[in-house]
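Participant: Going by the working numbering, the residue at position 32 of the sequence shown is 32; the numbering climbs one at a time, nothing skipped.
Be careful, since some hints might not be right.
[Said to hold, decoys possible] Quick list of simulated restraints, FRET-style, between CB atoms:
(1) G66 <-> D88: 17 to 23 Å
(2) T74 <-> N31: 16 to 22 Å
(3) T2 <-> D64: 18 to 24 Å
(4) D88 <-> A68: 20 to 26 Å
(5) D22 <-> S81: 22 to 28 Å
(6) D22 <-> H56: 19 to 25 Å
(7) A42 <-> D64: 14 to 20 Å
(8) D27 <-> D47: 34 to 40 Å
(9) A42 <-> G66: 28 to 34 Å
(10) E41 <-> E18: 28 to 34 Å
(11) R53 <-> E24: 16 to 22 Å
(12) K50 <-> P4: 32 to 38 Å
(13) G89 <-> S21: 19 to 25 Å
Calculated from the structure, these hints are not laboratory results.
The C-beta atom is built at its ideal place from N, Cα and C for all residues, glycine as well.
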Amino acid sequence: MTRPELENAAATLQDAAESASDDETRDRLENQAQQFETLAEADRGPDHGKLARHEHVLTEIADDEGGAVANLVTEALESISAYRETVDGV
1 MTRPELENAA ATLQDAAESA SDDETRDRLE NQAQQFETLA EADRGPDHGK
51 LARHEHVLTE IADDEGGAVA NLVTEALESI SAYRETVDGV
């Protein structure tokens with residue numbers, strides 16, 4: 001089962017990585033994109049805790065980078081939030 005919101009987040013984060021100004025940020029964003037690709041295709045979707053940890057990392061990156069990268073990360077976070085609304089629990 002694919003999760004389109006998480007696939008969208010992964011693609012948007014890859015776009016953000018391509019816009020990053022330094023290698024460290026690019027690597028962090030590519031890592032996040034890869035993780036969301038995996039989560040989108042996993043047999044079982046991520047829980048609220050896992051998503052919250054990713055959101056924290058992404059918010060930190062957006063705050064540090066600003067500009068186009070922050071805008072793309074914000075777009076990815078919106079996709080993650082849309083997926084989170086479908087997750088049972090908290």
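Participant: Next step is simple, just say for each hint if it's right about the structure.
Facilitator: Taking the hints in turn, this is what the structure says about them:
With their beta carbons about 35 Å apart, G66 and D88 fall outside the hinted range of 17 to 23 Å. A C-beta distance of roughly 18 Å is found between T74 and N31, which places it inside the suggested range of 16 to 22 Å. With their beta carbons about 31 Å apart, T2 and D64 fall outside the hinted range of 18 to 24 Å. For the hinted restraint 20 to 26 Å between D88 and A68, the CB-CB distance of approximately 35 Å leaves it violated.
For D22 paired with S81, a C-beta distance near 27 Å keeps the hint of 22 to 28 Å intact. The supplied range of 19 to 25 Å is met by D22 and H56, whose beta-carbon atoms lie about 20 Å from each other. Range check, A42 to D64: about 29 Å between beta-carbon atoms, so the 14 to 20 Å window is missed. Look at D27 against D47: about 26 Å separates their beta carbons, and that is not inside 34 to 40 Å.
A hinted range of 28 to 34 Å holds for the C-beta pair A42 and G66, which are about 32 Å apart. Checked against the given bound of 28 to 34 Å, the beta carbons of E41 and E18, roughly 22 Å apart, lie outside it. Range check, R53 to E24: Cβ separation about 19 Å, and the 16 to 22 Å hint holds. For K50 and P4, the Cβ-Cβ distance of about 18 Å falls outside the hinted range of 32 to 38 Å, so the restraint is violated.
Our hint of 19 to 25 Å for G89 and S21 is violated, since their Cβ atoms are close to 37 Å apart.
The structure is inconsistent with the numbered hints 1, 3, 4, 7, 8, 10, 12 and 13, although it conforms to all the rest.
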